[in-house]
Amino acid sequence: MHSTTILLIEVGALLFALGMLGRIGRRIGLSPIPLYLLAGLAFGHGGFIPLSASEEFIEVGAEIGVILLLVMLGLEYSATELVGNLRSAAPAGLIDALLNALPGAGFAFLLGWGWDAALVLAGITWVSSSGVIAKVLGDLGRLGNRETPVILSVLVIEDLAMAFYLPLVTAVLAGAGLVGGAKALAVAVITVIAVLVVAIRYGHAISRFMSVKDAEALLLSVLGLTLFVAGVAAELNVSAAVGAFLVGIALSGQVAHTAVVQLSPLRDLFAAVFFVFFGLSTDPAAMPPVLLPAFGLAILTMATKVLTGVLAARRGGIALPGQVRAGLALMPRGEFSIVIAGLAVASGVEPELAPLATAYVLITVVSGPMLARLPDYAWFKKLLRRANTPRPTPDPIAAVD
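In terms of the UniProt record's numbering, the sequence shown opens at residue 1 and continues consecutively.
In case anyone wonders, no lab produced these hints; they're calculated from the structure.
Estimated spans, in silico, between C-beta atoms of each pair:
#1 Val189 - Glu352: 27 to 37 Å
#2 Ser88 - Leu266: 28 to 38 Å
#3 Arg201 - Ile24: 42 to 52 Å
EDC-like, lysine to aspartate or glutamate: derived pairs with alpha carbons at most 20 Å apart:
#4 Lys135 - Glu76
#5 Lys183 - Glu235
#6 Lys135 - Asp376
#7 Lys183 - Asp116
#8 Lys135 - Asp268
C-beta: ideal position from N, C-alpha, C; glycine also.
Could you put together the complete structure from these sequences and hints?
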């Protein structure tokens, strides 16, 4: 009974603190993600107030948080939209992968880490934070801008790529090696294609099994199905997150829309717990030695994200100011980077990886939204106009005279 009381006190105090941190973050225009990570560092082992009784509860909540993040992501897209984006934005997605995954892998080798850690760090530096970027675009009033569809297309390709990447990483970190990883990747490819085909042809029929008229039944049905499929996927080493993502894609129409509304509060609650748990698993004393490498990696990969956005927007016929806005908007990393790092931490790969990932996400998720505001400043607009103004070519006849 005493341990239950301590559990209630710790969880209650933690959730209240997270609520206050989220409010502070929104007041100052900052994503709450870095604040949640810092809270985890403060409450974890080596922190100011270590949590003991509630650690196991928070771990389970963190797993649910990852699943809800991914199912909500899947609910945002229909299978038809995903296929359409895949066709139109595949070149931009390939550029994005090459420019942002390879620096992460190379950096891992530079630190003397193995190829498995390099595979993990490649994913951490590759994927931008859809949640943070969507909020930044909304806050800055850019949702209707010409470059916004280009940004969203890049994010959609990244999200879909994670359905293949996560099973590969899960298998490799489980000790299956390259052959096992290739098998997991093949299973993931077949599964994703099968789900997309079924969702396109029979998505409405699947959604009819769930009625939007009974909100309670719909919430329980979608949440139960998501947790069940995620658990089965984890047992098959396909990744629980991918299973949840595919459930979201399979649902469509009014069912998907209503599920988004109903699951959003749960997603926000457990996602906050997930970020806190990752902070809990990171020793604050391990942070200072990796700060300099994290800054170097952040500067390098924020620059490559800007280049990604510029090239993708240029392919879409967007002018230079829009190209720059697209590049600056893509810089923050967040949810997926922490999910990938969490897989590595659970498998015991490179003890420095967790503090490096934490510092890296903190740097990008704080500085990214701030730098995204640069195109709104008059001096920056003037600089872009000057760079976009073609220089007059010298008259060869006048030069001879």
